[in-house]
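Single-letter residue listing:
2 protein chains.
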Amino acid sequence: MEISLKQASELLERAANIVLTAHIYPDGDSLGSMLALFHSLRAAGKDVTMLLDDDVPKLYQYLPGQEKIVRPRSGLNADLLVVLDASDEERIGAVKTAVFAPILNLDHHLSNTRFADYWYVDAEAAATGEIIFKLLGLMNGKITREIAVCLYTAIATDCGFFRYANTSAATMRYAAELIECGVQPHVIAEHLDTRPLANIILLTKALATLQLYEAGRIATITLSAEMGQITSDNTEGFINYPRNIEGVEIAVLFKVVDTNTVRVSLRSRNVDVSRLALAFGGGGHARAAGCTLNGTLEDAKTKIIGAAVARLKESPV
Amino acid sequence: MEISLKQASELLERAANIVLTAHIYPDGDSLGSMLALFHSLRAAGKDVTMLLDDDVPKLYQYLPGQEKIVRPRSGLNADLLVVLDASDEERIGAVKTAVFAPILNLDHHLSNTRFADYWYVDAEAAATGEIIFKLLGLMNGKITREIAVCLYTAIATDCGFFRYANTSAATMRYAAELIECGVQPHVIAEHLDTRPLANIILLTKALATLQLYEAGRIATITLSAEMGQITSDNTEGFINYPRNIEGVEIAVLFKVVDTNTVRVSLRSRNVDVSRLALAFGGGGHARAAGCTLNGTLEDAKTKIIGAAVARLKESPV
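Respectively, the protein sequence lines represent chains F and L. Quick note on numbering: this note's numbering labels position 166 of the first sequence as 166, and the sequence is numbered without any gaps. Quick note on numbering: this note's numbering labels position 21 of the second sequence as 1021, and the sequence is numbered without any gaps.
With the rest of the complex left out, here is chain F (with noise of 0.2 Å):
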């Protein structure tokens, strides 16, 4: 049932016994959330309990409570099960199973499935932190220095530090009032700016695989194996570097997943690299997409590289 946030909050002051979750693969906006109505939760009284069936990435322990996040253990009963940032069911992992109680869902993604017995979905809000914020508003909770810190990472992380196009007037006033309540933006860009040595070393050797086409419009960057292990995490921002270049038009980055397999990564000033990726079984938005390739990297280049001519030549910017 869809429920408005008045109604939101209304619920979890009806409940005494509330159980709080996010999605696995946890992110600043997940983790921000959840500690935030943790902390705001537990001041108001209530039994609150944090589930994950995934670890805080180390980026993220500096965040006030996080400590007490735990595995799900399997049948616990409670009064509210409040599931945040995920859009469906899947994303919780073994919660879904461990907790016998109603689902509140409060989410900010377009592509929620309404899988929950209550949900609020706002998808103009550029993090579920602000929509957090907003319902601690209603319940008259106050944002201790701890909650500040906790809603300016959800919503921070969420719109890229304030460089996304999610980016809103209102994204901004939230962190004024965060500010207000303690916060100090320096720090948590230091927190959030913490790379492993691994990372930058990973880094520096995708850099030097740089490689400009089409008298530098088309500029590619690749990973593989060798150079060191590679998850989704640890290249985050890397396709980036291609694409930041003056002159580029489109980015490439290259992950060499297996012998036979390639992920592609592509970005974009103008030219819609969505349909690029289409025609090679993958999707995204205009500026913004991917696709994987069977085969070997020398294939997946010629491909791509390939289709990234034309698709100039057909729109010229």
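Everything labelled a hint here was simulated from the structure, so no lab data went into it. Do not take every clue at face value.
Which bits of chain L does chain F cover? Going by a derived footprint, with three or more residues having C-beta under 8 Å, they are [to be verified]:
1) 1158-1166
2) 1183-1190
Using C-beta positions, here's what the derived DEER-type ranges look like [stated by the list, open to error]:
3) F/L110 / L/E1089: 50 to 58 Å
4) F/T144 / L/M1001: 43 to 51 Å
5) F/Q229 / L/N1270: 55 to 63 Å
6) F/V309 / L/Q1211: 39 to 47 Å
7) F/Q229 / L/Q1229: 29 to 37 Å
8) L/Q1061 / F/A286: 21 to 29 Å
9) L/K1058 / F/H186: 26 to 34 Å
10) L/S1315 / F/K68: 26 to 34 Å
11) L/A1215 / F/T113: 47 to 55 Å
12) L/Q1211 / F/D117: 50 to 58 Å
13) F/L138 / L/E1089: 51 to 59 Å
Positions of the beta carbon are idealized from the N, C-alpha and C atoms, including for glycine.
With chain F fixed as given, assemble chain L onto it according to the hints.
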């Protein structure tokens, strides 16, 4: 004479013929502030000229109106010369002697020398752009989309796109209002993230020189002439790569200026590196400092790393 911002607005309202200028080696704040004021004064029917004793860097050529900025000609009479974001007279180069007019200085640098006939200095402002935003409010100037783009650029660049310690709640609220005037934050971010190819190649070479000392608590990178042209512009931000590595307490960037001169930049998380820089005739802030050493790169490395190790031992974190 120190004046209020209201008095500054009155000076501008009384003047018919106004020259605007900003500091040489212009940045986003000086250019954005000058252009925002230019558009607003022109809309108010003033005769306005923008003089700059420098080129507009390519990075900022998306700013509306920047093509109207000209080099100073000698012997120009005006009712008022407005000096933006410059803390002393030397910073405006030849404009100083080219224009005959009383000087109004609007600035946010703590180090401002109060050189002007009239000055308004707000060291709490994250950017001169924040001062101009308030000033336009006092003058009842409409914030068009053009003006908003200039002011957003001014503010965002001087607070490291909302990452530096000077980012305040007020900064975020100005940003919110400017978004409501038509700024698209992601478009500004894309402009500002654009880098020349040579810059990425230089970064790749610099990262390849990464060295760690003291079990990873000190990280260094080195730039030398054989890597390509090195300016303070095109290496900005490079020191953040060693600085952001997990476990690094002191980051050092060595720049080989010539066979006998090495410029050293220092960053830290907690240790006071200004004391380290001071010991070599340099200076700076506790967490960002620098110095210049005579001698070879090897000499400089031995001295600086030795001193950094000693600092770490004195103040274990």
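How the hints compare with the structure:
Only residues whose C-beta sits within less than 8 Å of a C-beta in chain F count toward coverage, and the region 1158-1166 of chain L has 6 of them, enough to reach three; the restraint holds. Here's how the region 1183-1190 of chain L fares: 5 of its residues keep a CB closer than 8 Å to some CB of chain F, so the rule of at least three is met and the hint holds. The hinted window of 50 to 58 Å between F/L110 and L/E1089 holds, with their beta carbons roughly 55 Å apart. Checked against the hint of 43 to 51 Å, the pair F/T144 and L/M1001 passes, with Cβ atoms roughly 45 Å apart.
Hint check: F/Q229 to L/N1270, Cβ distance near 30 Å, so the stated range 55 to 63 Å is violated. F/V309 and L/Q1211 have their C-beta atoms about 40 Å apart, which keeps the hinted 39 to 47 Å range intact. Between F/Q229 and L/Q1229 the beta carbons are some 35 Å apart, a value that agrees with the proposed interval 29 to 37 Å. Look at L/Q1061 against F/A286: about 25 Å separates their beta carbons, and that is inside 21 to 29 Å.
Checked against the given bound of 26 to 34 Å, the beta carbons of L/K1058 and F/H186, roughly 28 Å apart, stay inside it. Between L/S1315 and F/K68 the beta carbons are some 32 Å apart, a value that agrees with the proposed interval 26 to 34 Å. For the pair L/A1215 and F/T113, the beta carbons lie near 48 Å from each other, so the given range of 47 to 55 Å is met. Here the CB-CB span from L/Q1211 to F/D117 is close to 57 Å, well matched to the stated 50 to 58 Å.
At roughly 55 Å, the beta-carbon separation of F/L138 and L/E1089 lies within the given 51 to 59 Å, and the hint holds.
The structure fails to meet hint 5 from the earlier list, while all remaining hints are met.
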